[in-house]
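Chemist: Please model the entire structure based on the sequences and the hints provided.
These protein sequence lines are chains W and Z, in that order. Heads up: the first sequence at position 113 corresponds to 343 in the working numbering, and the numbers run straight through without jumps. Heads up: the second sequence at position 71 corresponds to 54 in the working numbering, and the numbers run straight through without jumps.
Please note: incorrect hints may appear among the correct ones.
What the hints assert, rightly or not - So the derived label-pair ranges between C-beta atoms look like this:
hint, chain 1, residue 1, chain 2, residue 2, range
1, Z, G78, W, K331, 17 to 27 Å
2, W, G270, Z, P65, 38 to 48 Å
3, Z, E(-14), W, F240, 44 to 54 Å
4, W, K331, Z, G66, 28 to 38 Å
5, W, N258, Z, G(-1), 34 to 44 Å
6, W, K301, Z, E93, 17 to 27 Å
7, W, K244, Z, Q37, 45 to 55 Å
8, W, E309, Z, P(-9), 31 to 41 Å
9, Z, R55, W, S248, 18 to 28 Å
10, Z, P65, W, S248, 34 to 44 Å
Worth flagging that the hints you see were computed from the coordinates, not collected in a lab. Every residue, glycine too, gets a C-beta built ideally from N, C-alpha and C.
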Amino acid sequence: NAGVTQTPKFRVLKTGQSMTLLCAQDMNHEYMYWYRQDPGMGLRLIHYSVGEGTTAKGEVPDGYNVSRLKKQNFLLGLESAAPSQTSVYFCASSSSGTSEKLFFGSGTQLSVL
Amino acid sequence: KQEVTQIPAALSVPEGENLVLNCSFTDSAIYNLQWFRQDPGKGLTSLLLIQSSQREQTSGRLNASLDKSSGRSTLYIAASQPGDSATYLCAVTGGGNKLTFGTGTQLKVEL
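Modeler: Written out as structure tokens, the structure reads:
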């Protein structure tokens, strides 16, 4: 029962470095999401995908890019990391958008120095 | 812009107590409301999903109610246990299928 798996769990970057966060789900879900969670601000949507090969911007997309080449995978990229991107990143998936329950991964703690 | 508020931010209760967590939202035009549980260092687990046409949902010791017209939802936890200690978040789905989260209530159930 893997569900939604995120890698890595922790990462420290220097300003200007790049990295990719991987999200994989084994539930055959169409919808996948990337959120960031910051203290006192709740979860905010970065990007999402409604199916293989599609992506769309969320509430806070600047500085991030995403790709959904395979249905089960959703990648989040930071091209040039900034300290403001220090956060906990969560991936989620659902079968049919927000009308159904969302399933979350365990998160990636990212620190940008 | 939809805003979701959860008060209190933190709550400590003795084991066995029945308790209510509150969630309020500013725009009543929602499709559904979800309650999530988040354990430290972990992701969110969906507990209950209430569609806008429903008034409540129950799962075990949990009961969530929704009053869309007043912009309020409550999560009732019966006979609380130390294992219930976690942060509870609510989220509403509004226009454009946008999901807006509250900042959560951190619950501690003490022995």
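Chemist: Against this structure, judge whether each hint is valid.
Modeler: Going down the list of hints, with the structure as the test:
Here the CB-CB span from G78(Z) to K331(W) is close to 20 Å, well matched to the stated 17 to 27 Å. Evaluation of the 38 to 48 Å hint for G270(W) and P65(Z) yields a failure: the beta carbon distance comes to about 26 Å. Roughly 32 Å separates the CB atoms of E(-14)(Z) and F240(W), a value that falls outside the hinted 44 to 54 Å. For the pair K331(W) and G66(Z), the supplied restraint of 28 to 38 Å is violated, since their beta-carbon distance comes to about 21 Å.
Checking the proposed 34 to 44 Å range against N258(W) and G(-1)(Z) shows it holds: the Cβ atoms sit about 41 Å from each other. The hinted range of 17 to 27 Å is not satisfied by K301(W) and E93(Z), whose Cβ atoms lie roughly 45 Å apart. Checked against the hint of 45 to 55 Å, the C-beta distance between K244(W) and Q37(Z) comes to roughly 49 Å, which is consistent with it. Checked against the hint of 31 to 41 Å, the pair E309(W) and P(-9)(Z) passes, with Cβ atoms roughly 40 Å apart.
In this structure, R55(Z) and S248(W) break the distance hint of 18 to 28 Å, their C-beta atoms being roughly 44 Å apart. Range check, P65(Z) to S248(W): Cβ separation about 43 Å, and the 34 to 44 Å hint holds.
Consistency with the previously given hints fails for numbers 2, 3, 4, 6, 9, ordered from lowest to highest.
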